[in-house]
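For the protein sequence lines, the chains are A, B and C, in the order given.
So for the first sequence, this note's numbering puts the first residue at 6; every next one is plus one.
So for the second sequence, this note's numbering puts the first residue at 89; every next one is plus one.
So for the third sequence, this note's numbering puts the first residue at 587; every next one is plus one.
In case anyone wonders, no lab produced these hints; they're calculated from the structure.
For every residue, glycine included, the Cβ atom is placed at its ideal position computed from N, Cα and C.
Errors might be hidden in some of the hints.
[Stated by the list, open to error] One-sided excerpt, in silico: chain C residues whose CB lies under 10 Å from chain A:
no., residue
1, Pro740
2, Asn742
3, Asp745
4, Val746
5, Arg748
6, Tyr750
7, Arg751
8, Gly753
9, Gln756
10, Tyr760
11, Val761
[Claimed, not checked] A short list of chain C residues far from chain A (calculated; beta carbon distances all over 12 Å):
no., residue
12, Arg602
13, Leu659
14, Leu767
15, Ser796
16, Asn829
[Unchecked claim] Using C-beta positions, here's what the derived DEER-type ranges look like:
no., chain 1, residue 1, chain 2, residue 2, range
17, B, Gly116, A, Ala30, 23 to 31 Å
18, B, Val178, A, Gly54, 55 to 63 Å
19, B, Met133, C, Ala663, 31 to 39 Å
20, B, Thr111, C, Ala663, 44 to 52 Å
21, B, Ser197, C, Gly710, 47 to 55 Å
22, C, Gly753, B, Pro282, 45 to 53 Å
23, B, Pro282, C, Trp708, 50 to 58 Å
24, C, Leu755, B, Gly116, 23 to 31 Å
25, C, Leu681, A, Glu76, 33 to 41 Å
Listed here are the chains, written in short residue letters.
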Amino acid sequence: MTTAIGQDSGLTLRHVSKRFNDDAAPPVLDRIDLSIASGEFVSIVGASGCGKSTLLRLIAGLDGDHEGEIEFDGKRVVTTDLSRGIVFQDHRLFPWLDVAQNVAVALRNAPLSKAEKARAVAEHVELVGLKGYERHYPHQLSGGMAQRVAIARGLVNRPRLLLLDEPFGALDALTRSRLQLELQRIWERERITMVLVTHDVEEAVLLSDRIVVMQARPGRIGEVIDVGLARPRKVGDREVAGLRDDIVDTFFTEAA
Amino acid sequence: MANALTRVFLPAYRARRTLPGDTLRSIGWTALPWIVPIALALLWMTGSRYGWISAQVLPPPALVFETLGALLKNGELWIHVWASMTRAAVGFGGGVALGILLGGLLGLSRTFEAYVLPSFNAIVQVPVLGWLPFLMIVVGIGEPLKYLLIGHAALVPVTLSTLQGFRGTPRALQEVAAVYRYSRWQVIARVTLPSAIPVIGTGVRLAFTKAWLTLVVVELVASSEGLGYLIVYGRQLFQLDLVLAAVLIVGAIGYAADRLLNVFERRLQRGRSV
Amino acid sequence: MSTLDWEAGTVKGSWRGLVLPVAALAVWWIVSRGAQAGHGVMVSPAQVWDTAVEQVRSGALVRALSASLARELTGFAIGTGLGLALGALLGISKLANRAIAPSFNTFKQVSLFAWIPLISVWFGLGDVAKVVFLSLAALVPVVMHTSDGIRAVPVNWLDVARAYRYGRLQTLAYVVLPAALPSIFTGVYLALIYSWLATLGAEYLLVAGSGIGNTLVDGSEQFRMDLVVFGVIVVGLTGWALNALARGVQRRWFETSRAA
Numbered sequence: 006m007t008t009a010i011g012q013d014s015g016l017t018l019r020h021v022s023k024r025f026n027d028d029a030a031p032p033v034l035d036r037i038d039l040s041i042a043s044g045e046f047v048s049i050v051g052a053s054g055c056g057k058s059t060l061l062r063l064i065a066g067l068d069g070d071h072e073g074e075i076e077f078d079g080k081r082v083v084t085t086d087l088s089r090g091i092v093f094q095d096h097r098l099f100p101w102l103d104v105a106q107n108v109a110v111a112l113r114n115a116p117l118s119k120a121e122k123a124r125a126v127a128e129h130v131e132l133v134g135l136k137g138y139e140r141h142y143p144h145q146l147s148g149g150m151a152q153r154v155a156i157a158r159g160l161v162n163r164p165r166l167l168l169l170d171e172p173f174g175a176l177d178a179l180t181r182s183r184l185q186l187e188l189q190r191i192w193e194r195e196r197i198t199m200v201l202v203t204h205d206v207e208e209a210v211l212l213s214d215r216i217v218v219m220q221a222r223p224g225r226i227g228e229v230i231d232v233g234l235a236r237p238r239k240v241g242d243r244e245v246a247g248l249r250d251d252i253v254d255t256f257f258t259e260a261a
Numbered sequence: 089m090a091n092a093l094t095r096v097f098l099p100a101y102r103a104r105r106t107l108p109g110d111t112l113r114s115i116g117w118t119a120l121p122w123i124v125p126i127a128l129a130l131l132w133m134t135g136s137r138y139g140w141i142s143a144q145v146l147p148p149p150a151l152v153f154e155t156l157g158a159l160l161k162n163g164e165l166w167i168h169v170w171a172s173m174t175r176a177a178v179g180f181g182g183g184v185a186l187g188i189l190l191g192g193l194l195g196l197s198r199t200f201e202a203y204v205l206p207s208f209n210a211i212v213q214v215p216v217l218g219w220l221p222f223l224m225i226v227v228g229i230g231e232p233l234k235y236l237l238i239g240h241a242a243l244v245p246v247t248l249s250t251l252q253g254f255r256g257t258p259r260a261l262q263e264v265a266a267v268y269r270y271s272r273w274q275v276i277a278r279v280t281l282p283s284a285i286p287v288i289g290t291g292v293r294l295a296f297t298k299a300w301l302t303l304v305v306v307e308l309v310a311s312s313e314g315l316g317y318l319i320v321y322g323r324q325l326f327q328l329d330l331v332l333a334a335v336l337i338v339g340a341i342g343y344a345a346d347r348l349l350n351v352f353e354r355r356l357q358r359g360r361s362v
Numbered sequence: 587m588s589t590l591d592w593e594a595g596t597v598k599g600s601w602r603g604l605v606l607p608v609a610a611l612a613v614w615w616i617v618s619r620g621a622q623a624g625h626g627v628m629v630s631p632a633q634v635w636d637t638a639v640e641q642v643r644s645g646a647l648v649r650a651l652s653a654s655l656a657r658e659l660t661g662f663a664i665g666t667g668l669g670l671a672l673g674a675l676l677g678i679s680k681l682a683n684r685a686i687a688p689s690f691n692t693f694k695q696v697s698l699f700a701w702i703p704l705i706s707v708w709f710g711l712g713d714v715a716k717v718v719f720l721s722l723a724a725l726v727p728v729v730m731h732t733s734d735g736i737r738a739v740p741v742n743w744l745d746v747a748r749a750y751r752y753g754r755l756q757t758l759a760y761v762v763l764p765a766a767l768p769s770i771f772t773g774v775y776l777a778l779i780y781s782w783l784a785t786l787g788a789e790y791l792l793v794a795g796s797g798i799g800n801t802l803v804d805g806s807e808q809f810r811m812d813l814v815v816f817g818v819i820v821v822g823l824t825g826w827a828l829n830a831l832a833r834g835v836q837r838r839w840f841e842t843s844r845a846a
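For reference, chain A alone in the conformation it holds in the complex:
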């Protein structure tokens, strides 16, 4: 399922709201409006409880209960679809399958021949730098490696949109840095639209074209920031650190 660059694969959110049964509490998401162009890398940052993970699940189609509209590629998002991939914070690999089989989980319902599927799996295992580990089982992998397999699984379908829900949150700092650069490399190569949810502002600045800052109670968009820095970016870059400090100071220093 390849896509020509420039085809309208935009993601649009219009007045998206979600509340849980308790009407008294502020809604989890309050009239979110957002437009993301094809091939863009957008990060959503915010403290815990601002609804960013919930929003991602709505975009993925895992949760259909909301007000407002979510449109992707000109069609309403109602349920899950292979064109919208997702990577979770916990790798969620199946322990009874090896690396290659885990990546192939994504392809079970894909309209490809067996040979094509095998090729796709091999390509993407190599893409995330795990060539040679195809027969390993999840319990034999480190956290970082397992998360890479999860990323490969998210990409193997060639989705037009990849959602990442705090994919590096559970990893140690060193591995996290390495995988951030990997993700940047993969994005530059594949140019898939990516939406990354993270609480790490530096990660957002490092990877994104735009940053959406969300606030909690109710969950709403505070501001959308254009990053505008040249790529490739590195963790130590002065501009990266500078913008990170700005954002943190503006949004995350005062409130609780």
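Please build the complex by placing chains B and C on the supplied structure of chain A, with the hints as guidance.
Just chains B and C, lined up with the frame of chain A:
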């Protein structure tokens, strides 16, 4: 708390505000567990009434309850319940006590374990019931037979779980004790024992289930009083109402005791991170 | 002395395990020579050995053991099959679980053997009754572990299946089943053990027919201690073999590919 699979198998599942239809649904939900028992009871009653089921095969429920009531009233039931429960108590108590002792020794001393555990494991291979004929020859069919068998049934799980409890002290805690230079006895009293107690509690609960099970079998095979005896007696006279009444009581006591031990076990688990 | 010194495990411990059994055997030998010869409570190891040889040679052992095992495996198969079906139903359908599980849990509270007299009224004292009873014994753990295992499948994995558009059948076959398999296997393992335990009890109480339990009870009634001791050993060995078999299967299936 929704069953995770409802999301897969009830795709229309959504969290939503309360609607009028919900009240009906929640009533239905509460009533659901009762459908099977009530349906069975109705089947039983009508079957007996219309003679589809002969009284020899399954007496009408009314008769069973009548018999139950009569037993309770004339005090005969208490003789048998008392007999069964004292046997269970003595056997179970003895088995648990010995089991903790044995398990403790096995857990604390590698030497003792090296000499004794293989033999213990070999003996455990023979199920409790396997020893019944053997013990019948050795001690006859009186009370000692029951005490020994029930005791054995309780001893095995308690020993194993005590052993596990004493062995399984988290290494992290052992190291803390080492840093503060605890003597061997201090370690046992203040680290090993407290961390072993919840595991032992679980073993005790399991032991009771087995002990109660063994009690029933032994009384079915060889006894002149007790709930198992009642069952056999009723069976031989084709008084199935008596049989069912006794079975009900066996179930009720077993259930009550199990719940009690469950509470006891949970108390012990409090504060322990699983 | 550091408290951590207890950790030292030894290989030479293996001979120490034999001390007790050898000593017991020796004591038995000595005591039985002192007592009167012939059958009775005190029987010598030699007599047990002779009986064993005779039982094996006459084929009595094979007949009894195979009868018992045949019944056990039949009951095990039936109980496991039904248990898997019922357990799967209870695990998958919240509705069915709510309707059936409370009744089932109440039923399983009653010590299994208490049902035997009733079963003997309905099914007689022979093989049919025994198999019915054994099926019940196997059914209970399989239902419990199958339904628990299925219900315990983490939501996270179900999300993955949904993200990749797995249909109901696909989710069941490729996610729920493999995830629940360890628990299901435990249930089946227990069913094997429980049905073996139940076999003995069934043979004591439903006395028509032959089996290793019958051998034991007959020996007991005839005061033939040598036969009883022989029977005990056979029962122990069979139980051990069944256990070893199940453990072997478990090790092969589950420890190669998953985390321990």
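We went through each hint and held it up to the structure:
With its C-beta approaching chain A no nearer than about 8 Å, proline 740 of chain C sits inside the 10 Å limit, and its interface hint holds. Taken as an interface hint, asparagine 742 of chain C checks out: its beta carbon lies about 5 Å from the nearest beta carbon of chain A, inside 10 Å. Nearest Cβ of chain A to the Cβ of aspartate 745 of chain C: about 6 Å, under the 10 Å cut. The hint holds. At a threshold of 10 Å, the smallest CB-CB gap from valine 746 of chain C to chain A is about 5 Å, leaving the interface hint in force.
The beta carbon of arginine 748 of chain C is positioned within 10 Å of a beta carbon in chain A (closest approach about 5 Å), and the interface hint is therefore held. The beta carbon of tyrosine 750 of chain C comes within 5 Å of a beta carbon in chain A, closer than 10 Å, and the hint placing it at the interface holds. Evaluation of the arginine 751 of chain C hint against chain A yields a held restraint, the C-beta minimum of about 5 Å falling below 10 Å. The interface hint given for glycine 753 of chain C holds, since its Cβ lies 8 Å from the closest Cβ of chain A, which is under the 10 Å cut-off.
With its C-beta approaching chain A no nearer than about 7 Å, glutamine 756 of chain C sits inside the 10 Å limit, and its interface hint holds. Annotation: interface hint on tyrosine 760 of chain C holds; nearest CB of chain A at approximately 7 Å, less than 10 Å. Annotation: interface hint on valine 761 of chain C holds; nearest CB of chain A at approximately 7 Å, less than 10 Å. Here arginine 602 of chain C stays apart from chain A, with its beta-carbon at least about 36 Å from theirs, past the 12 Å limit.
Here leucine 659 of chain C stays apart from chain A, with its beta-carbon at least about 28 Å from theirs, past the 12 Å limit. Not every Cβ of chain A is farther than 12 Å from the Cβ of leucine 767 of chain C; the closest lies at roughly 8 Å, contradicting the non-interface assignment. Every CB of chain A is more than 12 Å from the CB of serine 796 of chain C (nearest about 44 Å), matching its label as outside the interface. Distance check for asparagine 829 of chain C against chain A: the nearest CB is about 25 Å away, which clears 12 Å, and the non-interface claim stands.
The beta-carbon spacing between glycine 116 of chain B and alanine 30 of chain A, approximately 29 Å, falls within the hinted interval of 23 to 31 Å. Between valine 178 of chain B and glycine 54 of chain A, the C-beta spacing of about 59 Å keeps the proposed range 55 to 63 Å intact. Taking 31 to 39 Å as the suggested C-beta distance range, the pair methionine 133 of chain B and alanine 663 of chain C conforms, at roughly 35 Å. Threonine 111 of chain B and alanine 663 of chain C have their C-beta atoms about 46 Å apart, which keeps the hinted 44 to 52 Å range intact.
Serine 197 of chain B and glycine 710 of chain C have their C-beta atoms about 52 Å apart, which keeps the hinted 47 to 55 Å range intact. With their beta carbons about 51 Å apart, glycine 753 of chain C and proline 282 of chain B fall inside the hinted range of 45 to 53 Å. The supplied range of 50 to 58 Å is met by proline 282 of chain B and tryptophan 708 of chain C, whose beta-carbon atoms lie about 51 Å from each other. Checked against the given bound of 23 to 31 Å, the beta carbons of leucine 755 of chain C and glycine 116 of chain B, roughly 28 Å apart, stay inside it.
Hint check: leucine 681 of chain C to glutamate 76 of chain A, Cβ distance near 36 Å, so the stated range 33 to 41 Å holds.
Checked against the numbered hints given earlier, the structure breaks only hint 14 and satisfies all the rest.
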